[in-house]
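*Asks:* Spelled out from the first residue to the last, the chains are:
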Amino acid sequence: MKKLMGSYKMEKNFKNDFPIFKGKDIVYLDSAATSQKPACVLDAMRDFYKKSNANPYRGAYGLSVEATTVYNNARQSVADFLNAKESCEIIFTKNATESLNLIAYSYGLSYLKKGDEIVLTILEHHSNIVPWQKISKQTGAKLKYLYINKNFEIDEKEIEEKITKKTKVVCAVSVSNVTGTVNNIDKIIKKAHSVGAVAVVDISQSVAHSKFDVQKTNADFVAFSAHKMYGPLGIGVLYGKKELLEKMSPFLMGGDMIEYVYEQETTFAELPNKFEAGTQNVGGAVGLEAAIKYLNSIGFKEIEKHENELLSYAYKSLKKLPYVTIYSPEKNRSSVISFNIKNIHPHDVSTMLDMANICVRAGNHCAQPLTRFLGIDSTVRISFALYNDKSDVDKLILQIKNIYEKFKKYIEG
Amino acid sequence: MEEMDQIYNEMIMEHSMSNKNRKPLEKATSCLLGHNPNCGDEIKLEILVKDGKIVDAAFSGHGCAISQSSTSIMIDTIKGKTVEEAKKIIEIYLKMIKREKLSSKEKSMLGDARAFENISNMPARVKCAVLSWHTMQDLLNK
Ligand SMILES: Cc1ncc(COP(=O)(O)O)c(C=O)c1O
Ligand SMILES: [Zn+2]
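Residue numbers (the numbering used here), protein chains in the order written: chain A, 2 to 414; chain B, 459 to 600.
Among these hints, one or two may not hold up.
[As the list claims (entries may be wrong)] Here chain A is said to cover these stretches of chain B; the calculated rule only asks that three of the stretch's residues, wherever they fall, bring their Cβ under 8 angstroms from a Cβ of chain A:
#1 461-467
#2 517-528
#3 541-555
[As the list claims (entries may be wrong)] So the derived list for chain A, only partly shown, Cβ under 7 angstroms to chain B, looks like this:
#4 H346
#5 H348
#6 D378
#7 S379
#8 Y411
Worth flagging that the hints you see were computed from the coordinates, not collected in a lab. A virtual CB, placed ideally from N, CA and C, is assigned to each residue, including glycine.
Assemble the whole structure, with the sequences as input and the hints as a guide.
*Replies:* Here is the structure:
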């Protein structure tokens, strides 16, 4: 019986959970930009607006209290999802970008000074680079990068040598949104702590694909957006260790994040409210909570199995095409593959694939220091989620072959 | 595949790869850079104007087939024309991209640039097709 259940599960068509695919014949290979949303997320949000909507925190009446409860239950679900010690360590933001800005401004600006160093991996998204450049200019702390090797991975030696006594902050993506490289986060965090630095982990690209445990990894700060993990647009999460968040000053000022406001002075609320200014996105938090439930109902073991199979299949299929260059590691990769077709610009490839209803991303993927380091302007990027299957990969490969046949004389030069 | 032929036709592909107009122009009287951050397209236009006439024009840069070919075809189209004629042609081209109706005289003035007539079916790529034309417009109005 158990075996039967297992094989049934394997054949489960996750696509059916996602209304957007009903009556729309598209191959969606851009989940790294944003994932599609399952019906359970849409339903949970609609239910909230239909039954429980009010301004959280601001009313003493039942409905407002209900909205507040719903909001903080969602916070608890996120805390459980990340295995945070306490729910006040979860701050809701608009997206990963806002979470990372919050860390840079509220932590970086207060605790960095001239002579200090901020170490980033070259795999970072602009949202984990640009705020630190600003902090670097304001404080005089220096930015340093951990570079990747020929296999698109960061060597241990790089981590050992570049993170030094001067390092005060280390920033790393768990998974690169360009190459799909899985960083050795445990190693990076351990090294950061060994020199007394804090570790900021951007899990935007892994949050829908593998478990991240903030206690096990001992990460100091973690950031992600709900919209890349089957949740809605417009809500993101910052996790921070309580002792760090407590000593940091607020980021955005306004309603709900205060205690007493006088004409010239203000005292601030406790965690988590201290970092949540203005009316909060309760509907979004509800959607995020539903997305977590959805992920949990399938389980990361199953998710990884499904996605890694697809990823290997896609990698092998692309590798067979001599006119395709891949910018992703052989091993230690997750959910994302970048590639280029010889002599055809990635934006043209993307348009040509779109003509066969295949959605892929082309560009520098908000990681210009990385593409520059790789010596290219841009790549074509495919990324996978639960609703993808082998037929999606087959359609992609077929259209790439069509492109090759049609433009052979240009490709072969 | 039909859609593919409408956008990525022989002429556009040939021009995107060709080096005919892709070169430095030593005697250029003026030049201007244009870029499309969306695609990463970058072009530098150079023109040699004598007595109100565009005697020579060339470009350098990189980017997608649409931006590179539209630049090359534009240069073919306006070279030898007076500045005033070139401005008029640019106006007609931009009109075509906006799907406005063209008279048969206007169509003939555009020549090969009519290859981009269907680009409006691909809204995401319109910027690539107008980049060099807008840049040339700015250059001529400088
Ligand atoms: C690795 C990584 N970090 C951060 C972000 C920023 O996410 P958002 O735009 O939702 O703030 C993205 C996505 O674009 C990403 O891929
Ligand atoms: Zn372009």
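*Asks:* Apply the coverage criterion to the segment 461-467 of chain B and chain A: a residue qualifies when its Cβ sits closer than 8 angstroms to a Cβ of the chain, and three qualifying residues are needed.
*Replies:* holds (count 4)
*Asks:* Would you check whether A/Y411 satisfies its interface hint, that is, whether its CB is within less than 7 angstroms of any CB in chain B?
*Replies:* Nearest chain B Cβ about 6 angstroms off; hint holds.
*Asks:* Close enough to count: is the Cβ of A/H346 nearer than 7 angstroms to one in chain B?
*Replies:* 4 angstroms, holds
*Asks:* Confirm or reject the coverage of the segment 517-528 of chain B by chain A under the rule of 3 or more residues with a beta carbon closer than 8 angstroms to the chain's beta carbons.
*Replies:* holds (count 5)
*Asks:* Cut-off 8 angstroms, C-beta pairs, minimum 3 residues; does the coverage of the segment 541-555 of chain B by chain A stand?
*Replies:* violated (count 0)
*Asks:* Under the criterion of a CB-CB separation shorter than 7 angstroms, is A/S379 in contact with chain B as hinted?
*Replies:* 5 angstroms, holds
*Asks:* Taking 7 angstroms as the limit, does the beta-carbon of A/H348 come near enough to a beta-carbon in chain B?
*Replies:* 4 angstroms, holds
*Asks:* Holds or violated: is the Cβ of A/D378 closer than 7 angstroms to a Cβ in chain B?
*Replies:* Result: holds, 5 angstroms to nearest chain B Cβ.
Hint violations for this structure: number 3 only, all remaining hints satisfied.
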